[in-house]
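Q: Sequence:
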Amino acid sequence: MTVSAAIPNSCTASTTGNMAFGTLAASLTVSANVDTTGTLSVTCLNSGTYTVIADNGQNVSSGQRRMTKNGSSGPFLNYNIYADSGRSTAFPTAVGSATTETGSGSAQTITVYGRIPANATATEAGVYSDTLGFTITY
Numbered sequence: 580m581t582v583s584a585a586i587p588n589s590c591t592a593s594t595t596g597n598m599a600f601g602t603l604a605a606s607l608t609v610s611a612n613v614d615t616t617g618t619l620s621v622t623c624l625n626s627g628t629y630t631v632i633a634d635n636g637q638n639v640s641s642g643q644r645r646m647t648k649n650g651s652s653g654p655f656l657n658y659n660i661y662a663d664s665g666r667s668t669a670f671p672t673a674v675g676s677a678t679t680e681t682g683s684g685s686a687q688t689i690t691v692y693g694r695i696p697a698n699a700t701a702t703e704a705g706v707y708s709d710t711l712g713f714t715i716t717y
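Residues in the sequence shown are numbered from 580 upward in steps of one, following our numbering.
Simulated from the structure, these hints should not be mistaken for laboratory data.
Note that this is a predicted model, so its numbers are computed, not measured.
We put the CB at the ideal spot given by N, CA and C, even for glycine.
Listed next, with one range per pair, are the computed distances between beta-carbon atoms:
#1 Val674 to Leu603: 32 to 42 Å
#2 Val706 to Ser685: 33 to 43 Å
#3 Thr681 to Ser651: 36 to 46 Å
#4 Gly675 to Asn698: 30 to 40 Å
#5 Ser641 to Asn588: 29 to 39 Å
All chains, full assembly: derive it from the sequences and hints.
A: Have a look at this one:
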């Protein structure tokens with residue numbers, strides 16, 4: 580007699596820390612890089628593999644992520660997201676470029692490193708924001 584059961588990989592994810600750049604100096608041009616982080620929590624079954632990719636946000640233009648003032652259609656403030664603290668590796672946007680991770684059965688934290696680059700310009704005072712989507716493939 581053969582006894583068997585199949586348990587498919589399963590994952591859940593949530594945002595545990597939004598990416599807040601804070602209040603910037605009152606100037607039209609950002610004089611130095613402004614860095615911050617955000618975090619995701621991913622829980623997958625022990626030994627189950629998964630990848631995480633990001634979309635380009637709601638205001639992307641020619642591959643550049645942008646926050647918009649008060650949810651309007653402009654003005655914009657450019658920003659980028661990275662997979663490493665040195666901000667040298669762009670956060671992956673395609674499964675083929677994502678690193679495969681292995682679940683532990685417990686929540687695993689993924690840090691997303693954000694940067695408003697030096698020389699980014701804002702033409703108006705206000706609150707700027709964007710919404711990023713993340714896809715977990717398992």
